[in-house]
Amino acid sequence: MLAKALQKLFSKGDNIEALHQSMQAKRWSSHALEHYFAHPLPNAERPLSEQQFVALDFETTGLNPDTDRILSIGTVELNYEEIDLTSVSEVILRYDVIVRPESAIIHEIMPIQVQKQGVEPEPALDLLIEHCAGKTIIAHSAGIEYGFLSSYLKRRYQLEKLPCYMIDTLMLEKRFSYLGKNSGHASFQLDDLRQHYNLPDYQAHSAASDALGCAELLLAQVKRLRLCHRPLSEVMCKPPY
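Quick note, in my numbering, the sequence shown goes up one by one and the last residue is 241.
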């Protein structure tokens, strides 16, 4: 379902641009959306070497954005040459319900962390939307992040879609690498693709480390697959995603 939503939205860059422009003219009660639509989308016809990105990862209780919850948000900013390590950020979200033990084990987010460090979901997600203004979003299996973000925007602001450009490092591998196009990878998991590109392992599992890991994977892919001079429109999410 999430993949189909992304396919429909991102199949034509001009559709996204038109949607963004139509929403610019609206008056938003939300500062986050006002800020987001005040910034133009990246120029999709310019090469990756000229783009600014934000890598994003959500740790969630499951894969259904209508019934599951975002536990934490990890982000980091980058361009095609370098990652801004000073921008690495992780926000733990606080809900009225207690984190289930199985979720705590998988995501290593303990109830005591939520109590001491957690913030309310709405301001955290609004801040994320502001953070993404004018940038291309990078994610691994991007349908998850887009699905949860869309679900939040629909519930809070009755906004069906967020017009944005996204690059999915999983689909990038499938579309542009020899092994990806010829069933040469045993797995397309983030850790497995990082190992394929000889990137280091991260012992701690968190939204921030996964966002950083995704950013590093993108730079490795851009270099090895010679994508830096390709326009954004050729590499952003689109069919067969």
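By construction, these hints were calculated from the structure, which means they are not laboratory data. Heads up, the beta-carbon is just placed ideally off N, CA and C, and yes, glycines get one too. Heads up, a few of these hints could be off.
Here are the in silico distance ranges between beta carbons for each label pair [as the list claims (entries may be wrong)]: (1) Q117 - E82: 36 to 42 Å; (2) L85 - G62: 37 to 43 Å; (3) R155 - E34: 28 to 34 Å; (4) S87 - D192: 33 to 39 Å; (5) T86 - E45: 28 to 34 Å; (6) L85 - K223: 16 to 22 Å; (7) G184 - E122: 17 to 23 Å; (8) P123 - Q24: 21 to 27 Å; (9) R226 - Y95: 41 to 47 Å; (10) Q117 - H31: 31 to 37 Å; (11) K181 - G62: 27 to 33 Å.
Hints, verified against the model:
Range check, Q117 to E82: about 29 Å between beta-carbon atoms, so the 36 to 42 Å window is missed. In this structure the supplied range 37 to 43 Å is violated for L85 paired with G62, their Cβ-Cβ distance being about 31 Å. One distance hint, 28 to 34 Å for the beta-carbon pair R155 and E34, is violated here, with the actual separation near 19 Å. For S87 and D192, the Cβ-Cβ distance of about 26 Å falls outside the hinted range of 33 to 39 Å, so the restraint is violated.
Between T86 and E45 the C-beta distance comes to about 30 Å, which sits within the given range of 28 to 34 Å. For the pair L85 and K223, the beta carbons lie near 18 Å from each other, so the given range of 16 to 22 Å is met. Separation of G184 from E122 is about 43 Å and departs from the stated range, judged on CB atoms against 17 to 23 Å. At roughly 23 Å, the beta carbons of P123 and Q24 sit within the given window of 21 to 27 Å.
Range check, R226 to Y95: Cβ separation about 44 Å, and the 41 to 47 Å hint holds. At about 24 Å, the beta-carbon gap between Q117 and H31 misses the expected band of 31 to 37 Å. Between K181 and G62 the beta carbon distance is about 31 Å. The supplied range of 27 to 33 Å therefore holds.
Violated hints for the displayed structure, listed by number in ascending order: 1, 2, 3, 4, 7, 10.
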